[in-house]
Structures are given as structure tokens and as C-alpha cells.
Amino acid sequence: MTTHNEASGAGRESRPTGQEVVRITNLSKTFHRRGVKALGGVDLVLRHGSFTSVIGPSGCGKSTLLKIMTGLLPATEGEVLLQGTPVTGPRQDIGIMFQQPTLLPWRTAIDNVLLPIEIRSGASAAKAKTDDAMKLLDLVGLKGFEQVHPFELSGGMAQRVAICRMLVTEPAILLLDEPFGALDELTREYMNLELQRICKESDATAFMVTHAIPEAVFLADQVVVMTARPGRVEEVLDVDLPRPRTLEMMTTPVFAGLVRHVRGLLDMGGDAGGTE
Amino acid sequence: MSRQTKRRLAAAPMSDLELQWYEGSWLDRVPQWVSITVLGAAFIGLWWLIAEIEIISRVLLPGPQETFYEIYSTAQDIVTGGHIFDALMITTKEVFLGFLAAVAAGFVFGVIVGETRIGKKAVMPYLVAVNALPKVAFAPVFVAWFGFGANSKIIMALFVAFFPVIVDTAAGLFAVDADTVMLFQSMEASRWQTLRKLSLPSALPFIFAGIKTAAVFSVVGAVVGEYLGGGKGLGEMVRLNSQLMRMDRVFALIFYLGIMGLILFGAVAFAEKRLVFWRKSDILEVKGA
Chain A
1 MTTHNEASGA GRESRPTGQE VVRITNLSKT FHRRGVKALG GVDLVLRHGS
51 FTSVIGPSGC GKSTLLKIMT GLLPATEGEV LLQGTPVTGP RQDIGIMFQQ
101 PTLLPWRTAI DNVLLPIEIR SGASAAKAKT DDAMKLLDLV GLKGFEQVHP
151 FELSGGMAQR VAICRMLVTE PAILLLDEPF GALDELTREY MNLELQRICK
201 ESDATAFMVT HAIPEAVFLA DQVVVMTARP GRVEEVLDVD LPRPRTLEMM
251 TTPVFAGLVR HVRGLLDMGG DAGGTE
Chain B
1001 MSRQTKRRLA AAPMSDLELQ WYEGSWLDRV PQWVSITVLG AAFIGLWWLI
1051 AEIEIISRVL LPGPQETFYE IYSTAQDIVT GGHIFDALMI TTKEVFLGFL
1101 AAVAAGFVFG VIVGETRIGK KAVMPYLVAV NALPKVAFAP VFVAWFGFGA
1151 NSKIIMALFV AFFPVIVDTA AGLFAVDADT VMLFQSMEAS RWQTLRKLSL
1201 PSALPFIFAG IKTAAVFSVV GAVVGEYLGG GKGLGEMVRL NSQLMRMDRV
1251 FALIFYLGIM GLILFGAVAF AEKRLVFWRK SDILEVKGA
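Protein chains in written order, with the numbering used here: chain A, 1 to 276; chain B, 1001 to 1289.
One chain only, chain A, in its complex shape:
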């Protein structure tokens, strides 16, 4: 990961110093039939306990990258190492979350949380995990909502249940695909604060795709800015704001500077790649 991030080379070693959880090396993806090169050699390292945001114009291959990391799409070249072993298919140590909560409406909150256990290890294993699931619901502030069905939950609450479902298998990496993109602005800010707290308390390593620059900067230890067609890492930007982050920090000059820097990078990509 040397060629694409000269700009941030200086501060690289200062931030997340945890163990390497994910190492992505020269990852490429070409959709041959359409002749589209979606990813053109991506290198990234995600360290234990760190939060990484990925931002880029549409067509920069974010969702392709995420699918390969989930093990749902094979790479054309390169590989994703998770805890030392290459990702070749879906794995229990990968947790994912989407823009929509994707809860099963006929299941109660707790049964939704336990779904991954039930699928992998059967109903009795899920039952044995009930206490853990209750603790997770407590962690996200949904104590007392265990037996409630999703249609009785607000959008933000449903996403909290989705967070629990992602955490219940104790994955090594959380892959978040615009997790709060469908929520209104106020709920979204609040959920970002909550996500920060939950990640800290569960000691999680997170990788989030987003379209919102302030959100990307606010949550992240490193912001990965990508360019379009083929998707490449243009710059990895370290965010040295202290933790826990507060909403007030979003008004500081440092924060504004970081946001402006990311926006500048994306606008440049626009000149070359054709985005709005």
C-alpha cells in the first residue's frame, strides 16, 4: 500500500496499533462479460479495534470490495486475508449489515438476533445463546424489547437489532454497507454516536462504506478515499481526533479541514472519472 497514499505517509504508524485483522493485497475484480474493471489493485490493512470508512464516487467499486470481503464474490486477482487465512467464501468471523435492517418481520427481536446461530448450529445452539443475545440487546439500548416484532420498531431501533444480529457470532470484522443511510439526519447522528460506543464496548474492528463525508470522518480512524473505474485507493487519511468523538467536534476547524480535504479528493476524482 505504498503507491496510492503518499499524502498521508507521515502519520501512518501513529494510529491504530492493534494487531492486523484484515490485509487486502492487490485486490482486483474484472467483470469480463461486461468488460468492466471494478477494482484495480486495492491494498489495505485493518487493525484490531480500528474503524475504517470507505468513501468514493459511485462506480468506485465499494460494494464490490465489500462483497469480496464478505466472501460472496471471488476476486480476479489478489486476496483478502482475515486473521491470517484467505477469505474464499462466507465465514462465521465476518459480520455484515446493510442500509436496510433486513430483519425477518415474523420473528421477534431476540429471534432475529439469534438467526445466524440458528442457521449455522441449529435451534438448540441458538437457545443456548439466548442470554448473550439479551446482553447484546441491552448493549444497544433495547432492553425490554426482546419479544417485540420489527414492525413495532422505529427505523433506528430496527438497525440496532441488526447490529446485535451482526455481533452475536462475535465476528472479527464488521462490514457495514451504509448502515444508517436510510435514516433521517437526526437519528443518523445519534446512531453514529451509538455505533462508536458499541464498537468500543465490543472491541470491534469495523469497515464502513458510506456516501456521507462528515459521517466517514466522524467515525473513522482512517478514511479510505477511492477513485472510480477501476476502483483504486486514492488516499488513506488518518483521523487523529480524540475519542470518544462528540457531535461538538464536528464544528471544530480540524474536523472541517479533514472534511474539506476529503471533498477535494472526491472532486478531483470527479474531473477524471465523471461523477457529479
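Because the hints were derived from the structure by calculation, they are not lab data.
Calculated cross-link-like contacts (lysine-lysine; reagent style DSS-like; alpha-carbon spacing at most 25 Å):
id : chain 1 : residue 1 : chain 2 : residue 2
1  : B       : Lys1197   : A       : Lys127
2  : A       : Lys129    : B       : Lys1197
3  : A       : Lys200    : A       : Lys143
4  : B       : Lys1197   : B       : Lys1120
5  : A       : Lys143    : A       : Lys127
6  : A       : Lys143    : A       : Lys129
Computed from a prediction, not measured in an experiment: that's the story for all the values here.
Got chain A sorted already, so can you dock chain B onto it with the hints?
This is chain B only, laid out in the frame that chain A set:
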């Protein structure tokens, strides 16, 4: 009275929706049971008027009085187990067997079509096309194949009711949310697990829409089969009485056929309400035959 309570509560802050409600026209404020009753009474009044001034000959269009009397005497026959009761039982049996067979077969084939790529790409377009055909037109064919007895009526009911079930079941399986499917893939769910724990439950509203249509269609199928003759059911009685110009009796029989269809439809709608509890489905959404 409840309006006055509401007026008094107006001192408390009202929601935007409530405020808009008060601003709406008076028609919006009439309870639905009132509007239904008023419209029904108006219809019967108009019917009575048309029959009285004999725009259409009284023989062809009996008034509500004669019709209601005939409904009443038919009810007496049914309760005492007369020959109309026998006819009702025959038609009920035809409808019920045709309906059950249509639901069972439609569900099984719908799952096969919905779960296979060939089903989606090749079979489904044909099904949609056949479903759009006026299927009752096949009635003479079935009578020719299966005779004038009850069998041809059951098969007719099955035939017209089968397609909505298979098409809607397959469509429901196609409509499963793509992200949730991805979630199941990421959990390494087997195909069977995905079908049982995701696809089938999420297709239930579609499947029930198909079954509700089947409930309506199976009555149509059985009665059209009976119109062609040979049977001993209500449809046959409708045919005979219309040839005898006993329109009051025809109307009464149609009334009971309607009741039968409503009971079947209501039972399905009730089951749906219990099973698909997470979705507020509107009981008034029905496809016409």
C-alpha cells in the same frame, strides 16, 4: 356523542392529522358502516322503483320483495334439508375439492417454478399468459373429457383456481429481498434453510393473495361447469330456473352462491390475518373473476 368528546378534547393539542380530519369534507367523517348501509338501501330502493314502474318486464326483473321472499323460502328448504339443500351440498363439495386441489397443486408447482432458474426464465411467462386467458372458456373441453358428472365440475374449479395460486406463489418467491438473501448467504444458509426460513414466509402475503383469488375462482369454475349441464348442483338449478323464467328463484340461488363464496373467502382472509400478522393486509383487495 363521540364527536362531542372529541370537540371537548380539542382543548388539548391536536395532531396535524386530526386537524386535517376536521378540515375535511363531511363525507370523510361518516363512519364506514353508515356509508355501506346507506348505499345498500339506495340500491334496493332503486331496484324496487325500476321493478315497480316495469322498465323491464316484471317476469325478467322481479322486485326486491319477491326476491327476498324467495331467499327466505330457499333458506327454509336449506334448513329442513330439502332438494335445494342437496344441491347446495353438491356444489359446496365441488367448490371445496376443486379449491383444495388448486391450492395444494398451485403451491407445490409454484415453489418449483419460483425456486428454479428455468422456472423463472421459461415456465413463468407461459403461466402468466395462461393466467390471463379466459379459463372458463375451457369448460366444454372438460365436460367432453370428464363427463357430465361432478368430476368435470371439480376439475373445472381446480383448473380456474390453480393458476392464480401457482403464479402468485412463484411471484412471491421471486420478490424476496435481495439484501436479506445476501445475509442468508453470508450466514452459509443452505438452500432448504433459505427457502424455509426466508423465502416461504416472506412470500406468504403473495401466496394468500393467490389463495384468495382461488377462493373466488373455484366457485366460478364449479358454477360454469354446472351451467353446461349434467350436474345436480346450484348452478344447474340456476340454469333450469332461468329457462323457466323464475328470475326471483334465480336471484335467490345466486344469493346463496355468493354466500358460499364469501364464507370461503372469509375463511382464507381470516387464516391470512392470523398467519401474516406482521402485515396489515386490506380485506377489500380482491381480484375480480
